[in-house]
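S.K.: The lines below spell out each chain.
2 protein chains.
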Amino acid sequence: MEISKAISNLSDLIACKGVSDSGEGIQESVQFLKQFLRSHLNAEVTIVKAENDGNPIILATVKGIKKDAIMFYGHYDVMDPGDLNKWDSDPFKLTRRNGKLYARGAGDNRGQLMASIQGVEQYLNSIEGMPPQTIMFFIEGEEEQGSRNLFATVAKHTDKLKNVELVLAVDGSISSSGKHVLRLGCRGLLGFHVQIQTGSHSNHSGNTGNIMSNAFIEFQKILNQIYDFDTDKVLLPHFYDGVKEPTTQQMDWIDKLPFNVEKINKSNGFKMKAMTKQDYYANLMFRPTFNVSGIMSGYTGQGVKTIVPNQLTAKVDFRLVGEQNVTEIEKGIKQLFKPYVDSGLLTFTFYHQIPPSTSEINLDTIHLLQKSVKNIGEDLVVEPIMPGAVPNYVWTELIHKPVITLPLANFDQNNHSFNENISVKAYESGINIVSATTQALSERG
Amino acid sequence: MEISKAISNLSDLIACKGVSDSGEGIQESVQFLKQFLRSHLNAEVTIVKAENDGNPIILATVKGIKKDAIMFYGHYDVMDPGDLNKWDSDPFKLTRRNGKLYARGAGDNRGQLMASIQGVEQYLNSIEGMPPQTIMFFIEGEEEQGSRNLFATVAKHTDKLKNVELVLAVDGSISSSGKHVLRLGCRGLLGFHVQIQTGSHSNHSGNTGNIMSNAFIEFQKILNQIYDFDTDKVLLPHFYDGVKEPTTQQMDWIDKLPFNVEKINKSNGFKMKAMTKQDYYANLMFRPTFNVSGIMSGYTGQGVKTIVPNQLTAKVDFRLVGEQNVTEIEKGIKQLFKPYVDSGLLTFTFYHQIPPSTSEINLDTIHLLQKSVKNIGEDLVVEPIMPGAVPNYVWTELIHKPVITLPLANFDQNNHSFNENISVKAYESGINIVSATTQALSERG
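Protein sequences, first through last, are from chains A and B. The UniProt record's numbering puts the first residue of the first sequence at 1, with every later residue one more than the last. The UniProt record's numbering puts the first residue of the second sequence at 1, with every later residue one more than the last.
Worth flagging that the hints you see were computed from the coordinates, not collected in a lab. Warning: the hint list may mix true and false statements.
What the hints assert, rightly or not - With the C-beta cut set under 8 Å, the calculated list includes, among others, these residues of chain B facing chain A: (1) Asn149; (2) Phe151; (3) Asn207.
Unchecked claim - Here are the computed distance ranges between Cβ atoms for each label pair: (4) A:Asn98 <-> B:Gly301: 51 to 59 Å; (5) B:Gln353 <-> A:Pro339: 38 to 46 Å; (6) A:Gly344 <-> B:Gln302: 19 to 27 Å; (7) B:Gln302 <-> A:Lys425: 21 to 29 Å; (8) A:Asp80 <-> B:Glu323: 54 to 62 Å; (9) B:Gln353 <-> A:Lys338: 38 to 46 Å.
We put the CB at the ideal spot given by N, CA and C, even for glycine.
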């Protein structure tokens, strides 16, 4: 594949925009991809209406000799570019500088998506006639909105996916070491927004201290029932059910991953607590988190107001691992909150409900993928679990098929931020990796 | 005293402005009062330079036959009027509507100050020659800035105050029941601002959850060492030393105070926890508080950001009672914070350091004041302690003389807010009360 042509193709998709928040360019993006998949892969393309009037899904099928299919999952929607002044070039005009291609979506996920499509194209061009196995693309348009209608839509269309044997989720970043990675699962996420209200307005802390309930203190009383700050343990019933220590195989994979404390600290701007490499990866992959991502109560401006705050808002979340049960944990939260909700003190809503997801992948498959990547001069290490939450559970729960996450963007892609990019090297090697892995998977019989 | 003339005098002072925050009209206010005290009371007036270039203090002396003096304490400075659109009339033009006089400072403290001066004038006009006792006015210009230079300035000028026998602090509001009140002390206040920093920026909670310290969680770990949220007890060493239950006499005074739960709830916009009248007043006068007046960490806008917050700011304060020791409690806080300060996690500054203050007042004096007020047809109940913090400790600690707080403004004066006011009734009865009490105190021998 000629790289200049591949970049030009990406440039055309970037120009379609496709901001899922505002809806700008969604239709243009869908039409472009529909045509592109037809003309470049000779694929059958169906546009699937998402539930609740969500952005449409593009489903493409390249028929193989066998009906059994490997399916690539990606998304065509992008985040709003935000403050344009922070971009060094137009976010919707792919711009090459210093070996990188800059644009909104260059890394997340249009660059990776186009690399996947053209990788499959490259493979198809290398063979005569139909591939041994069917190859599908499932491209959604609401990933940047938390894939909010994905589960319901897939649930309605499982018949269209009945031949899928393996899902390849092409999203995320490769390792900071530059090595390519393959992920076999991801953590889940359960988040809620809570609001405490102890009065219609704040009051003078002299005249109402000890008399009026302080919204922050009320929250603390509740939070201390959710989390033990001395032992760093979540106190909700059954919370730790399903948490598992890594297996020997997973520990072996972890052994092969990079661990450069200085580099991690520098790139994140903090000083990590002392921990071993094994602990580091166990913390990220095999242990749940308790997190307060935002909290505000009372007077937070300059100077001082001697008040008892009447209101508090907070955002609390848990990353979940192994077989932790979102529904069971939610139940515990609801039960704990019930008396406070009944008394009118507290209101809450869940905003994230993503179960953790793990795929049992045949070791032969993993070795096959590693070998195929090695053949084109690249390294492919295994990250047993991705620390973030992606909607892999949709495939494991609804079609009961394994998911492998194969990210293609460089570590420093700046996704969701300004000057998002994909390096030319990552884009090019992405095309080659998809071509090689598709060949390996398709031809293994 | 002709009320229309008294209102016109107040109007003239209001027009001088005197915002201590911006400095606007401070000099005009000082000059006006200097002239007013000279012409109306024939007083000797000295302008005392405050320490640290603070706003000047006006010290006026009306010589009596004896050198022993009663001294009125008040302040001429006012809060910034804030958003002018929220005022129904110009805050610096005294405006009469529905029996009330509206202006910034009408209640806090210019209306009360002018009522005091003219009350003394009324008394002096009723006698021939010098009063039996010397009468002084101490009028500061930084009360709305927390009287930040008062202690240091008074400390330098105690010689000027050596004849003072009793301080009458004329500030605050009378009871919601409409009864006049007399206060024998006030709670103290110790407040600090704390900042936690766990990194140079927030990070993705998937990629750094369990790895990066969450600023809010770090704060909680520290806060749980300051306060036991289960038992509602402050855990600092020696915190409760000096806290005392009310005496029989104080309980008797409390018995005579109003306690209308519905009214309190309505005016404060909350539902009070169930408590007896005795508990209510003990909570406000004899028990310390733990309060978080403001806290902010992480993402507090609309929607969600999956981050680990790197920063937290909070404002924490304690109301102090009895003989609780500000210095000792500060020491406990500093000791607790030391390791976190040393590690670079935490920074803090104290912003309030007001000791609680109680005056032992001869019961005869209290009865004398009550009788003199009854003679002019008003009621005067005793509130043993004022729940808020005023700088009474300056007098008890530096000149070792008792302080009686005698507020003259109506309960709903809206001080520090828009449409601040003093009712014509409160203003007029203030003049009469000061006249009657000055006579009683001055002539008791």
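S.K.: Among the hints numbered above, which are violated by the structure, and what are their numbers in rising order?
M.R.: Of the numbered hints, 1, 2, 4, 7 do not hold.
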